[in-house]
Amino acid sequence: MKYRTVAVSTAAALAATALLSGCGSDDGGDEPAASGPASLTYWAWAPGLDKVADIWNKGPGKEAGITVTVKKQASGDDLVTKIITAAKAHKAPDLVQAEYQALPTLVSNDVLADISEEAGDAKSQFADGIWQQTTLGSDALYALPQDSGPLMFYYRQDLFEQYGLTVPTTWDEFAGTARALKEKAPDKALTTFSSNDSGLFAGLAQQAGAKWWTTGGDKWKVAIDDPATRKVADFWGGLVKEGAIDNQPMYTPAWNKALNTGKQVAWVSAVWAPGTLTTAAPETKGKWAMAPLPQWTAGENVTGSWGGSSTAVTNDSKNKKAAATFAKWLNTDPTALAALVKEGGIYPAATAAQTGGSLSKAPDYFSNQPGFYTEAAKIAKGTAPAAWGPNVNVAYSAFKDNFAAAAKSRSDFGPALTAMQDATVADLKKQGFGVSE
Amino acid sequence: MSTQPLAAPGRRRLPLVPTAALLLGALYCLLPVAWVLVASTKSGSELFSTFTFLPGSGFTDNVADLTEYRDGVYWKWMANSAFYAGAGALLSTAVSAVSGYALAVYRFRGKETVFNVLLAGVLMPPVILAVPQYLLLAEVDMTDSYLSVLLPLILSPYGVYLARIYAAAAVPADVIEAGRMDGGGEWRIFRTIALPMMLPGLVTVFLFQFVAVWNNFLLPYIMLGDDEKFPVTLGLYTLLQQGSNTPALYTLVITGALLAIIPLIALFLAIQRFWSLDLLSGAVKS
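As they're listed, the protein sequences go chains A and B. Residue numbers for the first sequence follow UniProt numbering, beginning at 1 and rising by one. Residue numbers for the second sequence follow UniProt numbering, beginning at 1 and rising by one.
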């Protein structure tokens with residue numbers, strides 16, 4: 001805990017250290033070079049990553065004398081805690097898979113190494129909004145983007161036709177579509193507002209331009225209750241309140257059933273939705289279509305992210321250079337990316353890999369929309385940046401608690417948003433971070 | 001548990017309220033088990049779409065899929081669990097027997113202090129200790145090994161406590177005194193006279209420890225990074241948490257959970273006779 005008070009001012013101060021380390025030697029005691037054989041361990045959860053590592057071990061890794069062993073872990077906040085505990089004991093693995101929103105937490109606990117020198121030149125291969133999440137807005141680089149989850153709009157093509165609904169391009173139209181459906185088929189709903197899925201809400205707020213955590217001076221600024229997020233909260237709260245959409249959480253058996261039987265006819269989700277739909281709504285295969293996320297201003301192309309992770313190198317690694325070399329290969333090399341898509345079913349963050357190769361064909365579930373990934377790549381280009389802080393987990397659980405109550409009682413979302421802001425600020429202060437009001 | 005005629009003469013009317021309460025309790029405990037049992041027979045597409053307690057058609061497929069998953073890593077986890085639980089429970093029973101006997105039979109300075117510390121240990125949830133134990137083992141470079149999970153489990157305050165209570169009740173001081181008169185060494189007295197008397201109590205300790213280790217989650221979660229060394233609890237957790245963009249492998253997890261309780265049930269059935277023996281002998285002896 002006491003490290004935190006010292007390492008408070010992550011982004012800003014880290015920008016400074018990064019500058020320093022750029023000129024001077026370094027801050028972590030890197031090995032002189034990646035010479036000599038190196039054996040690296042990699043904690044990751046994505047399915048099939050071990051097979052991708054095998055490709056490395058048999059090919060480029062063999063030449064460079066770098067062997068990578070994947071140790072599969074369970075994803076989530078618990079893994080972040082586990083990594084931090086391991087780092088405190090100086091037993092962290094060389095490489096870790098980390099969700100974007102976990103990076104500030106890991107950096108403020110001094111877990112991750114700055115790999116800007118080894119991999120900073122990969123910047124051009126990623127969308128700015130994604131890249132910025134791995135630099136935390138500084139000159140340092142704490143991870144390489146692996147996969148991303150740009151938000152999109154999924155809808156039942158057949159039912160939209162049946163009820164004469166138009167695919168909404170703006171959020172105004174979205175509300176109109178929800179109301180029109182309710183009028184024509186009162187037992188159905190366009191979609192639901194899920195108070196379980198903080199990540200989705202965060203993505204929708206990003207689209208509206210929210211930046212929840214920023215730094216100024218050596219203090220954090222929390223802007224969860226900002227006008228952009230408030231606009232999003234009021235919009236969804238209004239729809240729930242008037243009964244235009246459902247208020248039940250997603251990812252429950254009841255929700256699976258609602259999708260499978262057409263009780264809910266649309267889903268605001270990310271590019272990975274086909275995988276979820278395959279298991280949640282197996283009987284509606286081929287009846288769905290994907291469209292860009294509705295916009296706040298007509299004609300724009302902005303979206304937020306839901307999910308997505310990166311590959312980071314730890315300070316405990318004795319072969320940081322070798323680890324960074326592997327991380328860069330894994331997330332930029334065409335062979336590696338193709339394998340990631342094939343074995344792991346991920347949507348690569350590297351823009352060049354978002355079309356062609358394994359992604360030249362639409363996912364099986366969406367075989368009726370052959371241009372699925374071409375369309376998706378266009379949407380991904382407009383991914384708005386996300387601004388994460390060191391206590392995303394607290395903000396997320398505050399979201400779940402407060403929005404669940406508001407959604408259930410179909411009351412205003414405004415107070416829930418304020419409560420989320422307050423809980424996040426209070427926790428930051430409790431942890432010893434400086435917070436500017 | 002059996003339906004042997006009880007001592008009560010004639011047939012008494014079943015008391016309504018207690019019976020109803022117990023039935024409700026049994027239902028509460030057994031319903032989830034029944035759910036796992038039924039759900040493990042459903043294929044992925046049936047799991048959430050058919051009626052909850054309608055058996056599906058995919059049990060053998062599920063087991064085959066589970067066995068195929070990452071080249072059979074599930075069975076590796078089961079073997080690990082069996083090792084952790086078997087070896088852990090055996091060692092911990094041995095330690096409990098020796099220390100419980102010592103605390104019950106010998107008089108030495110600080111005996112009550114030791115016992116009080118032990119009692120405090122019983123009240124302390126092992127979960128709290130997991131992180132400190134990790135940091136300690138990291139000092140001696142032993143994390144991420146089989147021993148790192150096994151060692152912290154060997155000393156079980158509850159086991160020692162139980163063994164002491166049992167030894168105090170089941171091993172009469174006269175018997176030990178007689179052994180000493182006949183010239184038996186302390187170790188021999190313990191091994192040949194006291195140990196057989198303590199056996200039913202030790203079986204209880206063994207069972208408790210076995211179940212506790214089998215279901216243990218947090219300690220191995222913190223200690224182990226290598227998924228080849230995971231116990232089955234941890235392994236199944238990786239199937240559930242595959243990242244926000246990958247659906248959880250529900251069918252495999254449910255089938256895996258069902259298969260994971262079979263060894264526990266088998267163990268209970270196999271050792272049960274020691275227990276009934278214990279209850280009976282307790283009733284017959286004065």
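The reader is advised that the hints may include incorrect statements.
[To be verified] SDA-like mimics (lysine to any residue), calculated; alpha carbons at most 20 angstroms apart, straight line:
id: 1; chain 1: A; residue 1: K71; chain 2: B; residue 2: P55
id: 2; chain 1: A; residue 1: K257; chain 2: B; residue 2: T50
id: 3; chain 1: A; residue 1: K257; chain 2: B; residue 2: Y237
id: 4; chain 1: A; residue 1: K182; chain 2: A; residue 2: K263
id: 5; chain 1: A; residue 1: K62; chain 2: A; residue 2: K328
id: 6; chain 1: A; residue 1: K400; chain 2: A; residue 2: A423
id: 7; chain 1: A; residue 1: K257; chain 2: B; residue 2: E228
id: 8; chain 1: A; residue 1: K51; chain 2: B; residue 2: T246
id: 9; chain 1: A; residue 1: K88; chain 2: B; residue 2: A138
id: 10; chain 1: A; residue 1: K71; chain 2: B; residue 2: F217
[Claimed, not checked] Chain A regions said to be covered by chain B (calculated; three or more residues, Cβ under 8 angstroms):
id: 11; region: 44-53
id: 12; region: 63-76
id: 13; region: 219-230
id: 14; region: 255-261
id: 15; region: 426-434
Since the hints were derived computationally from the structure, they do not count as laboratory data. Using N, Cα and C, we set each Cβ at its ideal position, and we do this for glycine too.
The hints, checked one at a time:
About 36 angstroms separates the Cα atoms of K71(A) and P55(B), which puts this hinted pair outside 20 angstroms; it is violated. About 10 angstroms separates the Cα atoms of K257(A) and T50(B), which keeps this hinted pair within 20 angstroms; it holds. Distance restraint check for K257(A) and Y237(B): the Cα-Cα separation of roughly 25 angstroms exceeds the 20 angstroms cut-off, and the hinted pair is therefore not satisfied. Proposed proximity of K182(A) and K263(A) is supported: the alpha carbons are some 11 angstroms apart, at most 20 angstroms.
Our distance criterion of 20 angstroms between C-alpha atoms is met by K62(A) and K328(A), whose separation comes to about 16 angstroms. Between K400(A) and A423(A) the CA atoms are separated by roughly 12 angstroms; this keeps the pair inside 20 angstroms, and the hint holds. With a CA separation close to 36 angstroms, the supplied pair K257(A) and E228(B) exceeds the 20 angstroms bound. Of the supplied pair hints, the one linking K51(A) and T246(B) holds, its CA atoms being roughly 17 angstroms apart against a limit of 20 angstroms.
Taking the CA atoms of K88(A) and A138(B), the gap is about 10 angstroms. The hint holds against a cut of 20 angstroms. For a cut-off of 20 angstroms, the pair hint linking K71(A) to F217(B) stands: about 17 angstroms separates their Cα positions. With 4 residues carrying a beta carbon less than 8 angstroms from a beta carbon of chain B, the region 44-53 of chain A meets the three-residue requirement, and the given coverage holds. Given as covered by chain B, the region 63-76 of chain A passes the check, having 6 residues with a CB less than 8 angstroms from a CB of that chain where 3 are the minimum.
Coverage of the region 219-230 of chain A by chain B is violated [criterion: at least 3 residues with CB-CB distance below 8 angstroms; count 0]. Given as covered by chain B, the region 255-261 of chain A passes the check, having 3 residues with a CB less than 8 angstroms from a CB of that chain where 3 are the minimum. Under the rule that three or more residues need a Cβ within less than 8 angstroms of chain B, the assignment of the region 426-434 of chain A is violated, with 0 such residues.
Of the hints listed earlier, those the structure fails to meet are numbers 1, 3, 7, 13, 15, in rising order.
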